Amino acid sequence: MVESKKRVGLFVTCLVDLIRPSVGFAAAKLIEDAGFMVEVPRQTCCGQPAFNSGDRATARALAEQVIAAFEGFDYVVAPSGSCGGQLKIHYPELFRDDPDWLARADAFAAKTYELVSFLVDVAGVTHVDATFEGTATYHDACSGLRELGVRVQPRRLLGTVQGLTMKEMADSEVCCGFGGTFATKYPDISATIVAKKAANVVATGADMVIAGDLGCLMNMAGKLSRDGKTIEVRHVAEVLAGMSDLPAIGAPPRERTP
Amino acid sequence: MSAVVTSPAFKANAKAALADTELQKALALVEVNFIVRRRAAADQLPEFEALRDEARDIKDHALAHLDLYLEEYEKRVVAHGGHVHFAVDAEEARRIVLDVCRRLGAKTVTKGKTMIGEEIGINSFLEANGVVPIETDLGEYLIQLRGELPSHIIAPAVHLTKAQVAADFRRCHADLPRDRDLTEPTTLAAEARTVLRQKFLAADVGITGANFLIAETGSSVIVTNEGNGDLTQTLPKAHIVLASIDKVVPTLEDLSQLLRVLARSATGQEASVYTTVSTGPRRADDPDGPNEYHVVILDNGRSNMLGGQFRDILRCIRCGACMNHCPVYSAVGGHAYGWVYPGPMGAVMTPALVGIDKTGHLPNASTFCGRCEEVCPVRIPLPKMLRHWREREFERRLSPATVRAGLRFWAFFARHPRLYGLATLVFARSLAWFGRRRGRFRFLPFARGWTRHRDFPAPMGSTFQAQWRSRRRSS
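Quick note, the sequences are listed as chains A and B, same order. FYI, the working numbering numbers position 185 of the first sequence as 185, with every residue one higher than the one before it. FYI, the working numbering numbers position 24 of the second sequence as 24, with every residue one higher than the one before it.
Same shape as in the complex, but just chain B (with noise of 0.2 Å):
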């Protein structure tokens, strides 16, 4: 029922994005839209950098203690009339949701922004059951239309274009009038709304995400810039809670340390429009709120993560930065990854909840530029863990045949260096002769990829240390 991972066709999905001309110009907004917000917000605030270390001090604190601030934050939960459920795996939390809604007798329910919900695949198992999803953040309802995974953690829909968007909302809102004018973003943001609004009165139960979960309250966090959140989540009889086992944290005075990154990287704002606070369900003197408060907690592999070699993608607070700042993401858009987590950081998660065997291309496709570590809020060292997940590959023989040999063949002359230098000499040598007239190769048999698309500069002759050798000797 989770999302069909489409990751083994990593190549042939980044072709297909390479070529995709509507999808090349919704990619080139990231740019200004994320990168160019981001640095200025940094900018602007003197102790972004030591804030930074802080964020990453704090979310591995609790990491470090992650049973004692889970049972603290079950305790406060269950304290404040709310349920605590931990689900092993996606089914079970799949599980949980639909007894929760089957009870209440629900029929629709809204949704806000839910990456874990992404994640178990909610959406399609509870359509399965005969409850009817409704995603209410703007991104996810346009991704819902059209029946895709979102392309980005923050921004589900960044892959699309404007033109886009207004063809599927003539598509799918069939009663409103044919001519209606949607070339501006607010009008197609007022029809969402409209839409929308009448959705949120009828549904029996909402479903959110969080981004943080609070251990000293018992509270679950969003941040959102819609509102949307908001109304999931007061409106209907059950407001239900997605979140996993990484998200608790100790304090609100640490939850406003890291809210001081999050937003900071993520959009370049200095607070999300909407940061909402929950603790439990409506208590008698509330103007409003769930009469129910469930917090799904999903573990689905993550506690493996706790003691080896990936832990620190567990201080993830997806903001998002790496991805937006990645050369190969820019490229390829999210879809390309082929499940729910794209951009470094779901080539370093991807792997670790799927498998390495399906998803190898993930952690290969890096040109390990770095600059997702250098933007990330808690200091990630993304490339450090790609990279141990192609020691993982190599060490399980996953990586392709014809690369293993390769290796093997240029290790054995590395490995031998005069041997080496009298192969390289006369490899040297020949390559520039061939290449003595053009200096470069518009065409190499064993550099085809290579060629396909740029020329390959060709050797001036002997090798250095050849000349070196035979220079000094003579003076």
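Just chain A, with the same shape it has in the complex (with noise of 0.2 Å):
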């Protein structure tokens, strides 16, 4: 008899769901290969933009909505720390005057994750079945880094990806300028801040840059490709599920040869 596999639900957040779907398909890949079964309940966005707006209502509102759609799973991942942070650290916060959702808020985030820390903390994952040839460096994005301390868990799995040499930017933990509505708000700032990053990345010589947020890798392979620059940007779940033959972030699609 077949032991019954715990479910993760998979909190794809909506940026992979509109943009780059292949993180979310590498993302469910992952937490099978560790053992579990990933379900996807119909989801639309965390409510981050929302919350960060000073508009609680909606944010809460949104948090209910995922809250419930979640509830019955034994384990909810994101493959986002920005995301996850919102799930496991901020949720609680806006129920801090509802004793019952706050409850409620509390196993959610308690069960709730962010994609590599899951891997490694969660479900043990030593090493991954990927190759990549080449030199990558890796850009710890803020949330994740600071609300989650996701540090050293996507280094370690990067380690075990055949042909792959990890290089350290300098400023590695420095924010990359995005800041979700941030970009669009404070266009100029953002720019002169992403640049400082895409400085940082090109100074290693690395062939690709690798992060766990859709976010700072739209803004950071944006920028890389506008000044021209060849550099590879990808989500380090596409790198650890050995998805590194689709097209990178921001590049064109691969000529299909007949």
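None of these hints come from the bench; they were simulated from the model. What you are looking at is a predicted structure, and each value in this text was computed from that prediction instead of being measured. No residue lacks a Cβ here, since even glycine has one placed at the ideal position from N, Cα and C. Watch out, some of these pointers could steer you wrong.
Claimed, not checked - Residues from chain A that keep clear of chain B, each with C-beta distances beyond 12 Å, as calculated:
| # | residue |
| --- | --- |
| 1 | Val152 |
| 2 | Ser190 |
| 3 | Val202 |
As the list claims (entries may be wrong) - Computed spacing ranges between beta-carbons, pair by pair:
| # | chain 1 | residue 1 | chain 2 | residue 2 | range |
| --- | --- | --- | --- | --- | --- |
| 4 | A | Ala61 | B | Asp357 | 22 to 30 Å |
| 5 | A | Asp97 | B | Phe427 | 34 to 42 Å |
| 6 | B | Arg472 | A | Ala68 | 19 to 27 Å |
| 7 | A | Glu39 | B | Gly461 | 17 to 25 Å |
| 8 | A | Ala61 | B | Gly307 | 50 to 58 Å |
| 9 | B | Pro445 | A | Lys6 | 43 to 51 Å |
| 10 | B | Arg429 | A | Asp97 | 37 to 45 Å |
| 11 | B | Asp357 | A | Ala170 | 35 to 43 Å |
Starting from two chains that each stand alone, build the complex the way the hints lay out.
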């Protein structure tokens, strides 16, 4: 008889859903390979744009929606430190004055993880079955790093990708300037910050820059390609799942060979 | 009379700052001079993180019993022969200072570094009333020559390059030889020292700030690296301390704990060069010191913050670590923030002191990267408080109409998952079709700000959820 697997609800994040579905499939593969069953309940957004814009009512309504949709799972996993932080750290804050919902938010937060920290800290994954020939550098996206303590986990797993050499950039823990709506509200400042980040990436001489948050990746990819740099930009899940043959973020689709 | 608030023009200020090559050169040094040194100092002290907890607890305790400690402090100051003046607002504080100056017939006033002085605009007020204020902190002296506000709370002239300082000295010290060499920082400092030395001796009143007020002894404490504060407060007839209610801590023991995190967080020093504790005026057997000792304790809206969401910012000990580590401050410098306090602590403080209606940009101009909170020696949850300001702004409908409309539009879909699934599918597919050749956009009409500086990666095609469901159905 087959041992019943624990069920993981994949919170795919609105950006991955819209822009880069391959990150969702990579995450699902990694979680399944770690011995879990993955399901994707119907979902929209974690509500962070509303929360960070001061619209608590909308943030709360969306939080209730997410909690209700994912309550039946053993774990909730998101391929993003930013959305993961919203679910795990900020949801309970939203319900501080509502004991019933607070209990539900706390229980939800307790079983919610950012993808790579889930793989390493919960699932006990120690290596992955993936290959990438080249050098890569890793950017620590802010929320994952500071709200969820994601730092060594991705480096540990990336260290097991065959053929991949990791090279640290200067100031890997400094913000890339994305900041959600910040990038659209203060585009000039955001551009200055990402220019510094791009310079640090380029200085490593790496073939690829990796991070765990699609927002930061789109920001860095957009800057690097605008400056004519050919450095590939990829989500950590894609690299760990061995999906590096896909076009990189912001890169043109590969020509189909007949 | 207080400094003009240019925070409403934050965007224009920032744009000008980004285009200012001298400023960008100066800001690049912040990294070397502050971040690296703070890290080294923190790493050398195994108990640094525990000290931060204690520093937070000391300030929290003092704020929880503020009335008690302020009364105790006042009693001690008076017992030593000094005077305490509580000022509700900036105007009252300025009036108190001017009254002391007038009574003593003061013509010139030397000043140590005081951010409260900047907050109440004491210099322009004294000047308008015939009293000449002379800044004696080198950085403050420089910005006084230029008629500027400080751009950093501990390094007021951090926005200036050496070349700019040399040019200002040639302009303002016109009686010195034109062809003198001003290329070395040491020569610049020596020239400032020579010019200022004469002013110290001539001053009738000395004004300093206070890093801390000690309740158990009635002392005021300043930490400096130049020694100018000591000359400012001991040579003139009267010493006026400008402080605010949040500066009081219970004991000298508490002070010593706070000092251990202050200098390390600020400049990476184990201790500042001078830590000066002043208690009352000159006593009969003292070799020197002022005849009068006054402490002006400013409220200016702080007591209203005690019971609310912004209370934690009153723990701030003004080290400047939050701004040194802020990517936005590093990009635009302190003047862009448009008032006295810049950076993350300023973005929390300024709306409280001058109103969120004028300062809405400050809490919004943050990526919420969290590095400020990570380095704050008293663990102020700065991003959380910036978010609270955004909430106030949203509640009072002060945020821009376009932002509110955009949020409403997005929220409608986000709250209806099926509709959202359909809408995002159509959106993702059409955008992917348009971007199918290059895989990115050099221009997008609905993301102009983004595409002005960087490309926008094109979606891959269908949404993840649509693909997932069709794969699961077919398997």
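For each hint, the structure was consulted:
{"no.": "1", "hint": "Val152", "verdict": "holds (17 Å)"}
{"no.": "2", "hint": "Ser190", "verdict": "violated (8 Å)"}
{"no.": "3", "hint": "Val202", "verdict": "holds (14 Å)"}
{"no.": "4", "hint": "A:Ala61 - B:Asp357: 22 to 30 Å", "verdict": "holds (27 Å)"}
{"no.": "5", "hint": "A:Asp97 - B:Phe427: 34 to 42 Å", "verdict": "holds (36 Å)"}
{"no.": "6", "hint": "B:Arg472 - A:Ala68: 19 to 27 Å", "verdict": "holds (21 Å)"}
{"no.": "7", "hint": "A:Glu39 - B:Gly461: 17 to 25 Å", "verdict": "holds (22 Å)"}
{"no.": "8", "hint": "A:Ala61 - B:Gly307: 50 to 58 Å", "verdict": "violated (29 Å)"}
{"no.": "9", "hint": "B:Pro445 - A:Lys6: 43 to 51 Å", "verdict": "holds (46 Å)"}
{"no.": "10", "hint": "B:Arg429 - A:Asp97: 37 to 45 Å", "verdict": "holds (42 Å)"}
{"no.": "11", "hint": "B:Asp357 - A:Ala170: 35 to 43 Å", "verdict": "holds (40 Å)"}
Checked against the numbered hints given earlier, the structure breaks hints 2, 8 and satisfies all the rest.
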